[in-house]
Every structure is written in structure tokens, then in C-alpha cells.
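Chains as they are written, first to last, in this note's numbering: chain X, 292 to 608; chain W, 5 to 368.
A few of these clues could be false.
Listed next, with one range per pair, are the computed distances between beta-carbon atoms [as the list claims (entries may be wrong)]:
id	chain 1	residue 1	chain 2	residue 2	range
1	X	Ile-344	W	Tyr-17	57 to 63 Å
2	W	Thr-60	X	Pro-526	35 to 41 Å
3	W	Ala-170	X	Pro-526	48 to 54 Å
4	X	Tyr-328	W	Glu-314	53 to 59 Å
5	W	Asn-12	X	Ile-457	55 to 61 Å
6	X	Leu-337	W	Ala-170	56 to 62 Å
7	W	Tyr-17	X	Pro-526	48 to 54 Å
8	W	Asn-12	X	Gly-411	27 to 33 Å
Calculated from the structure, these hints are not laboratory results.
In this text, a Cβ means the ideal position worked out from N, Cα and C, and glycines have one as well.
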Amino acid sequence: MDLFRVRQFPDSVESRPVPMSVTEPASLNKPRSKSFYFWLMAPAILVLAFISIYPFFWMIYMSLHDVDIGHVEWNNFANFIKLPSDTRFLMGWVLLAQYSAMCLTLQIVIGVFLALALNGTRLEKILVTTLLMPMMMAPLVAGMVWYFLYNGTFGWYHWLLQSLGILGPKSILASSNTAMIGLVLVDVWQWTPLITLITLAGLKRVPQDQLEANMVDGASPFRNFVSVTLPNLYPVLLIAIMLRFMDNFRFIDSILVLTGGGPGNATKILPVYLFEVSFKFFKLGRGAAIALILLVVTIILGKLLVRVFDRQQPSKV
Amino acid sequence: MAKVSFRNVWKKYGDMPAVKDLNIECPDGSFLSVLGPSGCGKSSTMRMVAGLEHITSGQILFDERPINGLAPKDRDVAMVFENYALYPHKSVYENMANPLKLRGQDASVIKERVTAAAKLLEINHLLERRPQELSGGQKQRVAIGRAIVREPNLFLFDEPIAHLDAKLRAHMRGEIKHLQRTLGTTMIYVTHDQLEAMSMADTIAVMHDGELQQLGTPREVYNHPVNAWVAGFVGEPAMNFVDVGVEDRAGRAHFIHQNFAVPVTEEQQRRLSDGSRGSALRMGVRPDALSISMTKPSDSCITGKIFVTELLGGDMIVDVDLDDCRIRVKTSTEFSGEEGQTCYMTVNTNKWHAFSKENGKAFF
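Whenever a hint applies, use it, and build me the whole structure from the sequences.
If you want it as C-alpha cells, here you go:
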């Protein structure tokens with residue numbers, strides 16, 4: 292019945308030599324040589340080289356040549372030299388800047404506002420899911436939907452705005468004054484939910500005790516938002532801005548469907564112009580030159596944003 | 005500085021009451037410690053004072069002025085949070101200047117006050133650092149500094165030193181008490197550590213299950229607990245409880261147990277006769293109200309068997325097995341009993357307690 296026996300402690304403990312291990316035990320985290328990792332990654336590198344690195348260098352090669360079907364000729368940087376005097380190229384930059392600035396501003400303001408309104412409410416989950424629906428649509432399809440809504444004969448928005456006297460007989464996309472706004476609205480409609488989603492995630496990690504401490508310190512709700520919530524949101528907002536501005540520089544699906552750069556050149560932002568040069572006029576060399584410049588600018592802007600991001604993060608010691 | 009009064013204060017989360025009918029008067033300039041285990045409603049109480057939690061019913065008054073409807077910023081209280089709640093993107097100086105800045109003080113005044121507070125807390129060499137470059141103790145000082153830069157009605161300290169290591173905690177207990185005495189500001193200090201409450205407060209409010217159990221000075225709470233729960237919660241090592249019967253022998257009530265029969269004092273006999281005579285009682289005796297020896301000192305002593313002895317450096321705790329329970333005795337390190345030996349304990353009858361077995365209320 293004795294569950295526990297009384298242990299006897301011997302007066303002296305016999306000392307035994309610790310056996311020296313001859314072979315090293317198999318260690319789980321022993322660092323392996325670099326070449327081992329290289330061979331593990333080699334297949335991936337090969338695929339990446341084929342689908343990404345090769346086209347990149349091919350683009351640089353093309354940008355320095357006159358490219359035609361079955362005919363490639365060195366042209367002494369003519370593709371680049373001609374660009375500064377190409378008004379549509381320069382105009383493309385201006386329009387791209389306008390387009391991107393409008394999209395980003397509206398999306399950030401509306402997105403953050405929506406997130407603040409939704410955060411912590413009872414319907415948060417279901418409303419967020421509903422809000423996300425535009426984002427799941429292919430940009431091309433979104434463009435088509437809005438094309439119908441804007442249509443001058445049967446478009447519902449067109450009819451509404453015209454009945455209210457805001458719009459003349461010309462449809463939104465047909466007037467060079469309003470076409471750009473029409474495009475911005477589509478982008479805002481489709482991508483604001485992304486900002487809302489990211490901001491909501493950011494809001495969840497705003498420390499409650501800091502908000503409360505600031506309230507006791509004497510802050511009004513607005514001051515509290517500016518001095519505690521916003522600094523905690525900066526990192527996520529910067530990521531959102533980075534994602535969206537890069538998308539603005541790349542995604543032209545809906546624009547091609549809606550205006551194709553028209554009327555005239557009113558919405559011919561640089562990526563649309565690039566598409567036109569390369570695949571309508573088949574000036575592949577010049578297109579490659581424009582693409583290269585666009586890429587470099589995107590990288591520089593991205594780097595700048597990352598630097599701002601790093602500065603916002605409290606220094607770690 | 006203000007007097008703080010709780011009048012019939014209730015806090016309910018849905019239907020769950022967290023604070024039940026709280027009535028406390030905290031005089032101007034005094035140090036009130038709200039003591040209780042986690043979930044007893046002490047933090048809810050403090051958050052209601054700060055304005056971070058809605059008061060379900062009842063009133064909280066500063067100097068007889070109800071503050072129920074006031075926003076936190078208008079209550080003029082300063083709070084130190086358990087996790088310090090420093091602003092990570094601001095330097096120590098900016099953290100401490102925040103309450104003054106939000107109240108629109110001049111830069112020169114801010115500088116003067118922050119520097120003075122920093123000097124008082126000995127953190128003036130840290131003012132340029134960010135919170136994440138500080139140790140726990142330093143963060144805690146900054147959090148206190150942020151509270152003392154202005155002259156609020158009231159300090160609210162929510163377990164501010166719970167996350168520090170034992171040595172630093174002991175040091176900070178003295179510092180905080182000294183600080184409160186120096187500034188003379190009313191302080192409400194929430195803690196689950198009875199040692200903190202005992203060592204610092206003028207008045208202790210012991211809470212359990214949302215109800216105020218006892219309000220009194222540390223001495224009162226320690227020496228005259230109103231019920232068995234308070235008696236068991238306050239004091240380290242905890243009070244020993246032994247179920248006893250009461251019997252009259254030669255005109256004097258005795259506490260009867262298999263291991264002993266000890267007479268009560270006259271005063272205690274009177275108190276017992278007011279209550280339930282003859283019924284089963286719970287005797288409570290603190291480890292330091294017992295003296296232990298290996299020889300039998302008298303007939304009215306408790307006989308037991310040593311279960312284990314623990315040397316604590318300065319004194320020794322002896323666990324003794326009685327027939328139906330185990331009690332702990334605090335004694336000097338000279339005590340030489342061995343495990344398994346029979347020992348004898350004498351109770352200081354002026355220092356023991358008797359509680360009703362039904363509702364835990366104290367007879368004495």
C-alpha cells in the first residue's frame with residue numbers, strides 16, 4: 292500500500308566518469324554549408340531566371356535597339372533621346388501623377404474613415420465581408436460594370452447625375468473634364484476596401500492602455516486619435532500606400548476597357564501610353580525604354596517610402 | 005487634492021455585477037489601498053474613478069462634487085497603469101510633458117516641471133531616451149513621473165509595481181509611500197499584493213467578489229479582520245484555520261479539538277455568548293501567534309507532529325500536522341525539531357480569532 296517509499300540517501304555518491312562521445316550527436320540546428328542551401332534553391336532560381344530575369348535583361352536590350360519583327364538594330368540610345376521631346380510621354384507622367392494622387396488620397400481618407408466607423412461595431416465582420424466584394428472582382432470586369440453604369444444611353448449613374456442637373460448631355464467618360472474623375476471613382480470603389488481592411492487590422496493593435504493613459508492625461512477624442520492612434524497606424528498605412536501606388540503604376544485593365552486613354556489623350560496615363568506604343572504601334576524598342584524608366588521611377592519611389600517607414604519605426608536597441 | 009467618496013457604487017457588465025454597492029470615504033491627502041484577488045472588482049473601481057468605465061449606478065464624488073458625467077480629461081486625475089502605457093514614439097521627456105502639453109501649459113513651465121519631477125525620481129539622465137530603451141524599473145518611474153508633473157486631484161495607481169522583480173518592488177514600495185507623503189496628494193492604489201497594501205496605505209479597502217469586506221487601517225485589518233476571508237487573505241504566511249467545538253469547563257469556555265483544549269479570555273467569552281454558543285466554530289491563529297517547543301509547557305497546549313521545517317534565513321516556518329489539518333508556525337531559527345517528532349504549541353490567546361462556520365463572521 293505504500294505509494295511512496297522513503298528514499299535512502301547514501302553517504303557518498305559514487306562518481307562515474309562521463310563517457311566522451313566519439314561521434315558528434317546529430318544536431319537539429321547545426322549550420323550547414325552555404326552550397327547545400329544553394330543547391331536546394333537552384334530549381335527555384337532557374338524558374339525565376341527564366342520567367343523574370345531573362346525578360347528583364349531582354350527589355351534592357353530592346354530599349355537600346357530598333358525592334359521589328361525579325362529585325363533588331365542598335366540605334367545609339369535613340370529610344371531614350373527622343374523621349375524628352377515626346378509630349379505624350381511627358382503628359383503621361385503628369386496624368387499618372389494626377390491619377391495616382393487622387394486615387395491614393397480618396398482611398399486613404401475614405402478607407403481610414405470607414406475602418407474607424409466599423410471598428411468594434413457589432414456588424415463589423417459582415418460589413419467588412421460585404422465591403423470586400425469589389426476587391427474580389429477582376430479589374431477588367433469591374434471596368435465593364437462601370438462602363439455600363441457610365442453609359443450615355445442606358446447608364447444608371449449617367450441618368451442620375453443628368454437628372455440632378457450635374458451633368459450635361461455628354462457622358463462622364465466622353466468629356467475630357469470628367470473622364471479622369473470617372474476612372475478615379477472606379478479605382479476608389481474597387482480598392483478602398485483594401486485600405487479599410489489593412490487599417491482595421493492596424494486599429495486592433497493600437498494599445499488600449501496608451502489610449503486610456505492619454506485620455507486621463509487630458510486628451511480629447513480627436514487629440515487621442517492624432518497622438519496615439521495615428522502614430523500606431525503609420526506602418527500599416529505606409530504599406531497600404533506602397534501597394535496602391537505600385538498598383539496604380541501597373542494596373543490599366545479597367546482604364547483600357549473604360550476609355551482606352553481617351554477622349555483625346557485626356558486619360559492617357561503613362562502605362563496606357565506605354566501599352567499603346569508597344570502593342571498598337573509595335574514600337575517595341577521605344578516601349579521598352581518607357582517601361583524601363585517607369586520601373587526605375589517605381590523602385591525609387593518605393594525606396595523613398597520604405598525609408599520614411601523606417602524612420603517612423605521607433606529605433607530599436 | 006480632493007476627498008474621494010463612493011456612494012452606493014455599482015458596476016455591472018451586462019448582468020454580471022463586478023462592484024456591488026461600494027461605500028468608501030477617502031479623506032483628502034490620504035493613501036487608500038484597494039486590496040483583493042484578481043476579479044474582485046478593484047480595477048473596475050479604479051477605472052470608474054478615472055472615467056474609463058461607466059458607473060452603472062451610485063455616485064463617485066470629489067470634494068462632494070459628483071463626477072459621474074465628467075470625461076476623463078475633466079476629472080483632473082493622474083493614473084499609473086499596470087503596463088506603464090508609455091507612448092513608444094515619444095521620448096521620456098515628451099512622455100512626461102504630455103499631460104502638461106495637453107493642458108496648454110507654456111513650454112518654460114513644462115520644462116521646469118518635467119525636470120523637477122525627473123530629478124525627484126532620479127531619471128533626469130534618461131529624458132532623451134525612448135521607452136523601449138529603458139528597463140522595467142525605469143519605465144515605471146517614467147510612468148509615475150508622467151503622473152506627478154502636474155498637481156492633480158488624485159493619483160490612481162493600478163498595480164504599478166506588479167511587474168518588477170521582488171527586490172526592486174520592495175525598494176519602490178518605500179519610494180511610492182515617501183512620494184505620496186511628500187506631495188500630500190490623495191492616492192488610490194490598487195493591488196493584489198497584501199504586503200504592498202499593508203506596508204504603504206493609511207487605509208485598506210479589502211474587496212472580494214465585488215463586495216467591500218473591510219475598510220480600516222492596516223493594523224485593524226491585520227489584527228481584527230471582520231471575517232475569515234479577510235483573515236485568510238491578509239498576512240503572510242497565511243492564518244491557520246482549525247475547526248473547533250466550544251465547551252464550558254469550570255465556568256470558562258474552551259476551544260475543544262482532538263489535539264487540544266484551550267480556554268478563551270473573559271472578554272472573548274463575552275463576545276462568544278453574544279453569538280452562537282456551543283456551536284462549531286472556526287478558530288483562526290496567525291503563525292506568529294503560536295510558540296512551539298519540544299517539551300510540554302502546560303496542559304492547555306496544542307500537540308502535533310512536525311511535518312516539515314522551512315528555514316527562511318531570519319526565521320523558520322514549521323508545518324505541523326494535527327489530527328485533521330496542518331498548521332504553520334513561525335519560530336526562531338534556534339528551533340531544533342526534526343521531521344516526524346512530536347511538538348507542543350502554545351497559543352497567544354490575545355491574538356487568536358474565532359469565526360462563525362456558517363457565514364465566516366468574526367466573533368473576535
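Notebook entry, point to check: Any of the earlier hints contradicted here, and which numbers?
Noted result: 3 and 7
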